[in-house]
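Visitor: So the chains spell out like this:
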Amino acid sequence: MKRDLLFDFTVDKAAKTVFVNREFAAGLSLVWDAFTKQEILDQWWAPKPWASKTKFMNFVVGGRRFWAMVSPDGQERWSIQKFTSITPKTNFKMSNAFSDKDENPELPGSDWDLNFSEQNGTTKVSITIYNESLARLEKIIDGFKEGFTMTLNNLEELLATLSR
Amino acid sequence: MRNRLVAHIFAANRFHIKPNTMRRDIFQAIADPTRRAIITLIALQAMTPNAIADNFNTTRQSVSKHLRILTECELVKQEHQGREIYYSLEINKMKEIDKWLNQFRKIWETRFNQLDKVLSTIKKQKK
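Quick note, the sequences are listed as chains A and B, same order. Going by this note's numbering, the first sequence opens with residue 1, and the numbers climb by one from there. Going by this note's numbering, the second sequence opens with residue 1, and the numbers climb by one from there.
Hints are supplied without guarantee of correctness; some may be wrong.
[Unchecked claim] Below are the PhoX-like pairs computed for lysine-lysine, each with C-alpha atoms no more than 25 Å apart in a straight line:
| hint | chain 1 | residue 1 | chain 2 | residue 2 |
| --- | --- | --- | --- | --- |
| 1 | A | LYS89 | B | LYS95 |
| 2 | B | LYS117 | A | LYS124 |
| 3 | B | LYS117 | A | LYS53 |
| 4 | B | LYS106 | A | LYS124 |
| 5 | B | LYS127 | A | LYS89 |
| 6 | B | LYS117 | A | LYS37 |
| 7 | B | LYS106 | A | LYS93 |
| 8 | A | LYS89 | A | LYS53 |
| 9 | A | LYS89 | B | LYS126 |
| 10 | B | LYS123 | A | LYS89 |
| 11 | B | LYS123 | A | LYS48 |
| 12 | B | LYS126 | A | LYS16 |
| 13 | B | LYS106 | A | LYS53 |
| 14 | A | LYS48 | B | LYS65 |
Source of the hints: derived by calculation from the structure; they are not laboratory data. Note that this is a predicted model, so its numbers are computed, not measured.
For reference, chain A alone in the conformation it holds in the complex (with noise of 0.2 Å):
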């Protein structure tokens, strides 16, 4: 069943933005649930082996959440996401940064505009994520190199996503 479900992922490396589109087999209110309240969220956001803990989450526009990626041997990196937009059960908007613990962000960050839909009980979410740098996310990367195997794709399906 998971099979059928979508996923895409595509980073277009001139406009500095990363799209990610993802199906799931639940329905619009849960899905919207589980991407905008933090217990669901601390469930499933960090990917393991690593943890989510969120300090505080004000899901309002102009409100925040301050959370951390917890490594397994206990290390944080904490970030804020601030909402900017919000359109119940259809379209979210945030800007995101890295942080200390002091919630002091680090500049620039990355703006993520989030869509949901849903059809025939699959719920459809649509992410786009701007940053400012790429070398931004290579630090994302960086922060997350324990516990994945790398996978080399071969040359022609890395030309093909160049030449897009």
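With the hints as your guide, set chain B onto chain A.
Guide: Then chain B, alone, in the frame of chain A:
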């Protein structure tokens, strides 16, 4: 002083803080559309700067500048054949970019697989 250096090296290894900026340079190199087009061109065959420039509505100086940046990032290599210089793609360096992107994709894949599980658990609880 020495202790600080040792501590820095330890922290760098431990937290994967990389002092070199080489990989950042790669991404700056491919953030430019002309440079991406050059990469695609020379992926197929080694070419001289003049032959590359024939494919663009831009000056040879501009193409030379792009080739210099690509060379500095070690994305392309030069080969001298007689009087001509041929540029070709440094495949291993390109694979490095590919590897990097795949890691990022993997983060999202893992994250969403976890969400699948959370969603199905919540659905069961509600029944």
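Visitor: List in ascending order the numbers of the hints, as given earlier, that are violated by the structure.
Guide: 1, 12 and 14
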